[in-house]
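Each protein sequence line maps, in turn, to chains C and L.
All letters in the first sequence, in the order written, are residues 21 to 502 by the working numbering.
All letters in the second sequence, in the order written, are residues 21 to 502 by the working numbering.
These aren't lab readings, by the way, just hints derived from the structure by calculation.
Remember, predicted model here, so these are calculated numbers, not experimental data.
Honestly, I wouldn't trust all of these hints.
Calculated lysine to aspartate or glutamate pairs in the EDC-like style (CA-CA distance at most 20 angstroms, straight line) [to be verified]:
#, chain 1, residue 1, chain 2, residue 2
1, L, LYS358, L, ASP389
2, L, LYS315, C, ASP366
3, C, LYS358, L, ASP366
4, L, LYS358, C, ASP386
5, C, LYS315, C, GLU360
6, C, LYS358, L, GLU360
Number of protein chains: 2
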Amino acid sequence: MTTPLSDLPFTLAALRDAYASGVTPAEVMTEVLARLEAVRDPAIFIHLASAEDLAAEAAALGAFDPDRPLWGIPFAVKDNIDVAGMPTTAACPDYAYAADSDAFVVARLRAAGAIPVGKTNLDQFATGLVGVRSPYGVPRNALDADIVPGGSSSGSAVVVAHGIVPFALGTDTAGSGRVPAALNGIVGLKPSLGALSASGVVPACRTLDTISIFALTVMDAHDVFRAAAAFDPADAYSRPLPAAPMPAPSPAPRITAPDAASLIFFGDDVQAADFEATLTTLAEGGARIDRVDFKPFYDVAQMLYDGAWIAERYAAIEDMMRDRPDAVHPVTRAIIAKAEGQSAVDAFNGFYRLADLRRACAPILDAADMLCVPTIPRFATCAELEADPVAPNSNLGTYTNFVNLLDLCALAVPTGPRSDSRPGGVTLIAPAGEDAAIAAQGLRLTEARRPMLGATGIETPDLPNPEPAPLSGSEMTLAVCG
Amino acid sequence: MTTPLSDLPFTLAALRDAYASGVTPAEVMTEVLARLEAVRDPAIFIHLASAEDLAAEAAALGAFDPDRPLWGIPFAVKDNIDVAGMPTTAACPDYAYAADSDAFVVARLRAAGAIPVGKTNLDQFATGLVGVRSPYGVPRNALDADIVPGGSSSGSAVVVAHGIVPFALGTDTAGSGRVPAALNGIVGLKPSLGALSASGVVPACRTLDTISIFALTVMDAHDVFRAAAAFDPADAYSRPLPAAPMPAPSPAPRITAPDAASLIFFGDDVQAADFEATLTTLAEGGARIDRVDFKPFYDVAQMLYDGAWIAERYAAIEDMMRDRPDAVHPVTRAIIAKAEGQSAVDAFNGFYRLADLRRACAPILDAADMLCVPTIPRFATCAELEADPVAPNSNLGTYTNFVNLLDLCALAVPTGPRSDSRPGGVTLIAPAGEDAAIAAQGLRLTEARRPMLGATGIETPDLPNPEPAPLSGSEMTLAVCG
């Protein structure tokens, strides 16, 4: 091994190579803590494992086992997901409890050899897209301290963008797994609803939540997704969806984007130009780009906070809202309290409207292999959020809020710096179950653009020649004769 | 033709034969009115087409066209489904409006050659299983005037049971397409949700409603279902489900029934014995009968009126409940008013509980080809309903209320007289999309039992040798080589 561990990019491939050449997990855990120390941001983690505990976890792995796909891989966990032996706070000290077992997904990742290093900061109760609504401080954006880190999975995005861990778990209801990825120049994978179990996760909107994955590369995010995905009979919203190996990307995918008249950038012309440039890259790569009036999708997006679904957030913390409202962050409380005036009739009227809007969106989705949208319409600065804690947050959800309401999967990918050097990025979106297809196109896009890996200063690496991915337990090789 | 028209059983096969041998639709329409007159029950229809209008409709059909599967077939329509030129009342005079176009399903049946003869009485706003909650009177049960006609599709069931029309449309949310079938000894087909468009139907619970079909034979019900089914983009809850020809019945179906400890008959030992006798018939026919604790299904059933879905009924008539509550039937109003105290949080908590209960029911459904339950646990008399307008109604939904909440399809079939000569019957239930499979088993059961056709005194006829059903537009013949 020639690269010193301190210079190693923390991708899965690089770490696997390092382990194969004799590096030990104990050394990697020490390096994780050293990198975190160097960043000097005490607001990233709400709870961090001790060096002793990490050393013990590393030692418990035993000899290098290349058959465990995440052997020795450190990862961070958003603090609304249980890790055994660590507190779960959801960024609300009065809500906190000691988790005595791993969330289903954490348990699967641990079984694959991964080691959770700590619990990351978030917008309280995963309500927000900015990352500033937490009594545990505000993680600094990994690329530019003036702009918000993004949320609600703020700490998970920042810690990956710094290259401290190869991946982190977030959650995504409105866009909490995509917006912070865009703001920190990394990959944000928002799986199909139900693909990753919600057992051991603090709900935001139970019918619309999913665990999400932050990583430096599309390949890493998809590898983690495959390791994490499994049907969980104990989670009533779990679904037996495919978690397929990434296929070869379609050479001529039909990709639909909002037309010029319906794109929204809130005045950010650099973002507008950057989005068009990415569509050009996709077209040069063989994609057929269709442009449509995006109004039906915006209409759906509008329903997430203006409609009945806010009542799900209330249902999730009903006791606190009733008995200890002062323990809830004032911005969060004001948002969630809107549910108090909503009736069951309002809820059903909302579902009927959503059903109609789904029907309006269906022809657009049916005619495309995937959608491509800007992940965020513009950046939001910490100063703006101090002046107005709600509007810049709402704006950030322009291209994310509709996705879970329409039962779609999404992948936020970095596309390299915009003309002003802020991170560019788009999100690919497809119907539930198409996670592998959008990953394949996302990988292709990052291969074309070669963005830096978050804030690491390292360029997206060459891929090894693709090999057939190992089969999962529910798959078998078929030889078709006839 | 040897049988005089007045003696002809009004099945599709008999009427098609009659038409092929020269009978005219005008003669059949005259016979429909004569049969109705003979029954002397002014509460069956809320609106009846005039003899002149029916003659005109008959004349407009032109020459006999055997390619139109329902050419010249008269049918009745529950008065919460629009027929152009007739009022729609939903059994509430203050709610009534003039329908200027046919409901989607009525239009399809008319295109297939069928002629709507009138609009039938119902429990107001399709809320009830008894058929007595209507300001338009109570249709008499076709078999026994002491027992309730059943509802909410009371008029549609009674008019078919008398052999006045070969089929009638009902609707079914809680069991309104099955309970009155059982009480009148006919077939009640409750399709998979979304298979029949709800365009032009007054909603009860929009997420749980479906048009249903009453007929004298399983074959007729399924033929009508196939003619009526089509995806309707204008109905947000329409689904592109199969409306397949009836397959050959599985020779050894796995049929699951409630075990002895969990069967509920409210003291009706005759019904209990009759149900066991039907299971014996099924077993003798080759079925494997499994018995299970039915509690999870009862728990789901309980949610329909005790849970948030009552708010859908409120949403459907919100203006009336707010502005003209006195115009609503007092029993109906008392039931629907329960929604006034329900919050959106209550609604979501209900969905979460239903999701958990679906998971509890899933292993039972997965292990079976279909369920078999008594359609009703016991009979209810008109006298009982006068003494208590709610409890006997609730009891009638014991084996029906859970079906739409679990997205299942169902077929209520008559099995012949019980030992006390009241009509016996069971319901076959399977997951959405399995309509043809349960029809095939239902047909087999009626072939074994040969029940009388409703109140006509005519036995279930021999079937013609089954021929391959004609292909619909979306199907093609495949020859598989290899």
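Each hint, compared with the structure:
1. The hinted pair formed by L/LYS358 and L/ASP389 fails the criterion: a straight-line CA distance of about 37 angstroms is larger than 20 angstroms.
2. Under the criterion of a C-alpha separation no larger than 20 angstroms, the hint pairing L/LYS315 with C/ASP366 is inconsistent with the structure, at around 31 angstroms.
3. Between the alpha carbons of C/LYS358 and L/ASP366 the distance comes to roughly 15 angstroms, so the proposed pair stays at or under 20 angstroms and holds.
4. Only pairs whose Cα atoms come within 20 angstroms are accepted, and L/LYS358 paired with C/ASP386 is rejected, the gap being roughly 41 angstroms.
5. About 29 angstroms separates the Cα atoms of C/LYS315 and C/GLU360, which puts this hinted pair outside 20 angstroms; it is violated.
6. Note on C/LYS358 and L/GLU360: the hinted pairing holds, with a Cα-Cα distance of about 18 angstroms set against a maximum of 20 angstroms.
Hint check: violations occur at hints 1, 2, 4, 5; the rest are consistent with the structure.
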